[in-house]
Amino acid sequence: MIRARRLGKRYGERRVFADVDLDLDRGGLLLVTGPNGSGKTTLLRVLAGLAAPSAGELQLPPREAIGYLGHEPLVYRELTPLENLSLFGRLYRIPERGERIGMLLERFGLWEVRHERVATFSRGMQQRLGLCRVLLHDPGLLLLDEPANALDSHGLELLGDVLADRGRAVAVATHDPRSVEPLATERLAFA
Amino acid sequence: MRYASDVGALARKDLLLELRAKETLPAMLVFVVAALTVFHFAVPHGTRHVAALGLLWVALVFTALLALTRAFVAEREQGLLDALVLAPCDRSAIWLGKTLAVLAFLVAAEVVALPAFAVFFSGVDGRTVLAVALADVGIGTVGTLLGAMAVAGRARELLLPLLFLPLAVPIVVGGVGASAGAGARYLLFLVLYDAVFGLLSWAAFEYVVAEA
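So the protein sequences, as listed, match chains A and B.
Just so you know, the numbering used here puts 146 at position 146 of the first sequence, and the rest follows in order with no gaps.
Just so you know, the numbering used here puts 92 at position 92 of the second sequence, and the rest follows in order with no gaps.
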């Protein structure tokens, strides 16, 4: 899914990371660790195709095969979960999206609040909806930036199930790797 | 068909956001009526019709700036441009959907602004209405592109007016010329502006949202 050789990124004179080599296939889970500001988020943005690398070679799957969850859940707060997922389901051309959306909302415990505005949700509920959004099109590559943010114990269980699914490649960036560490097949530590 | 469906879904989303938040349109309506009221008292009674038309165009351009400043607020505050850019639709559909929503806000503001102008100054003819409609297209297409550019910048509130106002000068020239009855060539000028800048904005959006 991902092949990277001597990958580097800099903003002007500031080097964010350099000489990163990566091979990540279906079934693999890459754990990217490091303190705040070490370049984890930038690496995920490069792997998502949201930022161009400054150096090296990078092979990525097509956009429709990527699911990216950033620091924010990337959902519209003034829309309901149903409206958010319907919008992205339409843009991703998901067949029978009503069924798929219903299944995800049930799974992540959001079915009962599907008609309520996201702005009224707790941060943890918004994060769950963010996970629904990235899983909506069943991507082969999941890129998750601090996915455990604000999740309660049940939310963490649900996230664990997502990470344990070996049917896709997953890259997780976190400064607190305890819950992800046992599942990781590849590790990348930024200083 | 898919492109049209994507554009429709994105424009509908923006209209729905405004319907819920009620932030942009009320501000535009208050601003345009307030501006025309100020102009009414600021200029001497019996000011020539042509001069008054100039004030109308100033009010419309600055009202449009309000809509453009707010156009990408949801995407900016919640980082949503990333999610939209990653979707496998043509990226220009994001621009066109947003442009259509901006156009809807402009038209709604002008439905109030033109009668208000008639009350404060004098009535507007069909040529002025046509010029305003053509100007809306130019403002919407160029302004939405610039709004997306400003989202990426640090001083975004400053950047948008600095980028937009110079590019709005031809719209004001064409608009005032057309509504003052100076000939059909001003309407043609607006059509040309819309075509050229619309095409450029459509083609450029992909590069604006792609981070270097």
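Hints were generated in silico from the structure; no laboratory data involved.
Please note: incorrect hints may appear among the correct ones.
Stated by the list, open to error - The calculated SDA-like cross-link candidates involving lysine to any residue, where the alpha carbons are at most 25 Å apart (straight line), are:
no., chain 1, residue 1, chain 2, residue 2
1, B, K22, B, A9
2, B, K22, B, D90
3, B, K22, A, L82
4, B, K22, A, G28
5, B, K22, A, H115
6, B, K22, A, R77
Unchecked claim - Over 10 Å on every C-beta distance to chain B, these chain A residues come out as not near it, computed from the model:
no., residue
7, E64
8, H71
9, L79
10, G98
11, L158
As the list claims (entries may be wrong) - Reference listing, derived: stretches of chain A covered by chain B, where coverage requires no fewer than 3 residues with Cβ under 8 Å from a Cβ of chain B:
no., stretch
12, 38-50
13, 81-93
Just so it is clear, CB atoms sit at the ideal spot from N, CA and C, and this is done for glycine as well.
Right, here's what the structure says about each hint:
1. Taking the CA atoms of B/K22 and B/A9, the gap is near 19 Å; set against the 25 Å cutoff, the hint holds.
2. Between B/K22 and B/D90, the direct Cα distance comes to roughly 29 Å. Violation of the 25 Å bound is thereby established for this hinted pair.
3. Annotation: proposed proximity of B/K22 to A/L82 holds, straight-line Cα distance about 21 Å (limit 25 Å).
4. Our distance criterion of 25 Å between C-alpha atoms is broken by B/K22 and A/G28, whose separation comes to about 46 Å.
5. With a C-alpha separation of about 19 Å, the suggested pair B/K22 and A/H115 falls inside the 25 Å cut-off, and the hint holds.
6. Straight-line distance between C-alpha atoms of B/K22 and A/R77 comes to about 14 Å, which keeps the hinted pair within the 25 Å bound.
7. Non-interface status of A/E64 relative to chain B is broken: a Cβ of that chain comes within 10 Å, the nearest being about 4 Å off.
8. The beta carbon of A/H71 is not kept farther than 10 Å from every beta carbon of chain B, the shortest such distance being approximately 7 Å.
9. Not every C-beta of chain B lies more than 10 Å from that of A/L79, the closest at about 7 Å, which undercuts listing it as non-interface.
10. Non-interface call for A/G98 relative to chain B: holds, since the shortest CB-CB distance, roughly 15 Å, exceeds 10 Å.
11. A/L158, annotated as away from the interface, keeps every beta carbon of chain B farther than 10 Å; the closest lies near 20 Å.
12. Figure legend: the stretch 38-50 of chain A, annotated as covered by chain B; annotation consistent (4 residues with Cβ-Cβ distances under 8 Å, at least 3 required).
13. Figure legend: the stretch 81-93 of chain A, annotated as covered by chain B; annotation consistent (7 residues with Cβ-Cβ distances under 8 Å, at least 3 required).
In the structure shown, a violation is registered for the earlier hints numbered 2, 4, 7, 8, 9, in ascending order.
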